[in-house]
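Visitor: Okay, here's what each chain looks like letter by letter:
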Amino acid sequence: MTEALLQVKNLVKFFPIKRGVFRKTVGWIKAVDDISFEVYKGETVGLVGESGCGKTTTALTILRLEEPLKGQIIFEGKDLSKIKKSEMRKERKNMQIIFQDPYSSLDPRMKVKDIIAEGMLTHNLFKNTRERYKRVGELLERVGIPAEYMDRFSHEFSGGQRQRIGIARALALEPKIIMCDEAVSALDVSIRSQIINLLKDLQEEYNLTYLFIAHDLSVIKYISDRVIVMYLGKIIEIADKREFFSNTLHPYAQALISAVPVPNPDYKKERIILSGDVPSPADPPAGCRFHPRCAKARKICAEVEPELKEVKEGHFCACHFCAE
Amino acid sequence: MLSYIIRRLLLLPIILLGVTFLIFCLFSLLSPMERLATYVHDPATLKNPQSVQRLIDKYHLDDPFPLGYINWIKRIIHFDLGWSQTANQPVWEAITQRFPATLELVLYSIIPVVLVGIWLGVISAVHHNDMLDQTIRVTAIVGWSLPTFIFGLLILFIFYGILEWFPPGRLSTWAQNILYTSPDFRSYTHLITIDALLNGNIPMFLDALRHLIAPILTLSYISWAELLRITRSSMLDTLRKDYIRTARAKGVDEHTVIHLHARKNALIPVVTVAGMQIIGMLGGVVITETIFNYPGLGFWVASSAQQLDYSSVISFALLFATLMVLGNLIVDISYALIDPRVRLE
Numbered sequence: 000m001t002e003a004l005l006q007v008k009n010l011v012k013f014f015p016i017k018r019g020v021f022r023k024t025v026g027w028i029k030a031v032d033d034i035s036f037e038v039y040k041g042e043t044v045g046l047v048g049e050s051g052c053g054k055t056t057t058a059l060t061i062l063r064l065e066e067p068l069k070g071q072i073i074f075e076g077k078d079l080s081k082i083k084k085s086e087m088r089k090e091r092k093n094m095q096i097i098f099q100d101p102y103s104s105l106d107p108r109m110k111v112k113d114i115i116a117e118g119m120l121t122h123n124l125f126k127n128t129r130e131r132y133k134r135v136g137e138l139l140e141r142v143g144i145p146a147e148y149m150d151r152f153s154h155e156f157s158g159g160q161r162q163r164i165g166i167a168r169a170l171a172l173e174p175k176i177i178m179c180d181e182a183v184s185a186l187d188v189s190i191r192s193q194i195i196n197l198l199k200d201l202q203e204e205y206n207l208t209y210l211f212i213a214h215d216l217s218v219i220k221y222i223s224d225r226v227i228v229m230y231l232g233k234i235i236e237i238a239d240k241r242e243f244f245s246n247t248l249h250p251y252a253q254a255l256i257s258a259v260p261v262p263n264p265d266y267k268k269e270r271i272i273l274s275g276d277v278p279s280p281a282d283p284p285a286g287c288r289f290h291p292r293c294a295k296a297r298k299i300c301a302e303v304e305p306e307l308k309e310v311k312e313g314h315f316c317a318c319h320f321c322a323e
Numbered sequence: 000m001l002s003y004i005i006r007r008l009l010l011l012p013i014i015l016l017g018v019t020f021l022i023f024c025l026f027s028l029l030s031p032m033e034r035l036a037t038y039v040h041d042p043a044t045l046k047n048p049q050s051v052q053r054l055i056d057k058y059h060l061d062d063p064f065p066l067g068y069i070n071w072i073k074r075i076i077h078f079d080l081g082w083s084q085t086a087n088q089p090v091w092e093a094i095t096q097r098f099p100a101t102l103e104l105v106l107y108s109i110i111p112v113v114l115v116g117i118w119l120g121v122i123s124a125v126h127h128n129d130m131l132d133q134t135i136r137v138t139a140i141v142g143w144s145l146p147t148f149i150f151g152l153l154i155l156f157i158f159y160g161i162l163e164w165f166p167p168g169r170l171s172t173w174a175q176n177i178l179y180t181s182p183d184f185r186s187y188t189h190l191i192t193i194d195a196l197l198n199g200n201i202p203m204f205l206d207a208l209r210h211l212i213a214p215i216l217t218l219s220y221i222s223w224a225e226l227l228r229i230t231r232s233s234m235l236d237t238l239r240k241d242y243i244r245t246a247r248a249k250g251v252d253e254h255t256v257i258h259l260h261a262r263k264n265a266l267i268p269v270v271t272v273a274g275m276q277i278i279g280m281l282g283g284v285v286i287t288e289t290i291f292n293y294p295g296l297g298f299w300v301a302s303s304a305q306q307l308d309y310s311s312v313i314s315f316a317l318l319f320a321t322l323m324v325l326g327n328l329i330v331d332i333s334y335a336l337i338d339p340r341v342r343l344e
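First to last, the protein sequences are chains G and F. Residue numbers for the first sequence follow numbering that gives the first Met the number 0, so the first one is 0 and each next one is one higher. Residue numbers for the second sequence follow numbering that gives the first Met the number 0, so the first one is 0 and each next one is one higher.
Read the hints as simulated data drawn from the structure, not as lab findings. A hint or two may mislead.
Here's a subset of chain G near chain F, in silico, CB distances under 7 Å, partners left out [stated by the list, open to error]:
hint, residue
1, LEU64
2, LEU68
3, ARG91
4, ASP100
5, ALA146
6, GLU147
7, ARG151
8, PHE156
9, SER157
10, GLN202
For each residue, glycine too, the CB sits at the ideal point set by N, CA and C.
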């Protein structure tokens, strides 16, 4: 856990807002605004936040499925943000993604075996078609789908099975890191735990690193080693899982944790109810982006944007008062 | 799948029965004497009341409606569609004689409709919102909103009236002479371009093509413009799908992403529209052939309508309905062939 596999430095991704006849750019959606973090080899980093806070954009920008505006993406010592698209295509072998919606992430006109084998073919992983399909069969068996189903189309499978196919597809390239973009959010609870356990087993088996994006803290608590919390395109807290859940520092993260249901009807806990909506990422509030909804906000919060400071070893927080 | 096709084909007679019933209702609005006109070969017959009555009896023209309908159907089944005053020959003969010309026009028009419509649609979507896309879209909207009879007249005016590039008709006089009088010229398909090639007569092939270009331009513009718009929006929709991102994440190159993953999926709804457009072109031939004096079914039926030649018009409607039903069946079958999610049962 010492070597950083992936380093994200000052990553910025804005989307232009275009209006009018000539589609002039009138503003920017600040989806990801100057974030930095590291992912170490073999760990699972949980990335949490409300919808629209830039979690998915972060993953897509790291993979350069969206072009970053600024910043560096250093993967195994190589800066991916500057290399050419053709070079990036070769790098994709090492970084894969599992999407949220298992219904739309598989090409409906391709057989499952071709969906899984296409990446191998692109990266010349096997000599001939027979060997490729043999490997496809092994992968399918590994994720819990009988190999003889490989000739079927994706619509013939259930949601959970489709997500397993999506995992097999990502594994096919033997990647070093997999971004799980809300990979289990669309599944129902019983299937969700099966898929999470499968991901955990695969991590041990293939020595994988995960960047696990979710909005469900109980999932994050189960699977992650470290947690990153995002709010409106900014990282507000990074900590070890244990540290994070026992000693939450940022008021927003505290509110998130207080919202997690506890499976005990007698347990009465105090919930922190956030007032107001998430401000628009096109026009984030000045100072601390969370201050309009923060119970602890003071004058400084509206004026100065807090930096992400290391409060304890390995525990970062972006709040003016997190040391208190 | 096979049982589906058979069941659909079994439905065909029922649909045609409905169509013929409607057509016969129109037909029955005419008095027996008026309907008689379609069976009169020689105007002299009309001067003799006895022979008129004989014809009325022969064709059961004053039968009550249900009996008349059954008898009419019986005649239709035997291809006895009546006499075409306009063509001065039996209607069935008139149809078979003119059908190849129309078929040739429609077949050639499919090429720009499918190629230009789909090809430009894909390009337009890939270059979403830039200059190329805007230009293509404006061209398509103009084609889509310009009525065929105005666009056709413009084409005729520019390319025949001013430039004299594309003359109207189907063949020049010298080529017609070869076609109808030369003993060496054999008609295999009655499609002149193909027959000319089979006979090794290149000048005649080029002449036929020269006559075809203007009608093709006119007939296809509205169809490819519509197809382009459908292809473009379907393609834009598909390009936003997760599986396109998945393909990119695999490291597949952009060309494969666009043409294998996106286009293949985007074309599924396009096929339905393309099929309907091609069938719809059969209706477009009426105006196009009239403008360009092109001797096909459309030209004939337009003049028949003007001369109240009912038997010709009704037979054309019947033929058109049959082609429409068969065309729709082909569209449905091809839909099932290209989309694995659709099963015809």
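Visitor: If a hint holds in the structure, say so; if it does not, say that too.
Guide: These are the hints, each one checked on the structure:
Using the Cβ-Cβ criterion of 7 Å, the hint placing G:LEU64 at the interface with chain F is satisfied: the shortest such distance is roughly 6 Å. Checking G:LEU68 against chain F by beta carbon gives a least distance of about 19 Å; that is not within 7 Å, so the hint is violated. Hint status for G:ARG91 relative to chain F: holds, with the closest Cβ pair at about 4 Å, below 7 Å. The criterion of a C-beta within 7 Å of any C-beta in chain F is met by G:ASP100, whose closest approach is roughly 6 Å, and the hint holds.
Checking G:ALA146 against chain F: minimum C-beta separation of about 20 Å lies over 7 Å; hint violated. Interface restraint check for G:GLU147: the shortest CB-CB distance to chain F comes to about 18 Å, outside 7 Å, so the restraint is violated. The criterion of a C-beta within 7 Å of any C-beta in chain F is not met by G:ARG151, whose closest approach is roughly 9 Å, and the hint is violated. For the restraint placing G:PHE156 at the interface with chain F, the shortest Cβ-Cβ distance is roughly 12 Å, beyond the 7 Å limit, so the hint is violated.
Taking 7 Å as the C-beta cut-off, the interface hint given for G:SER157 is violated, the closest approach to chain F being about 15 Å. Because the beta carbon of G:GLN202 sits about 19 Å from the nearest beta carbon in chain F, more than 7 Å, this interface hint is broken.
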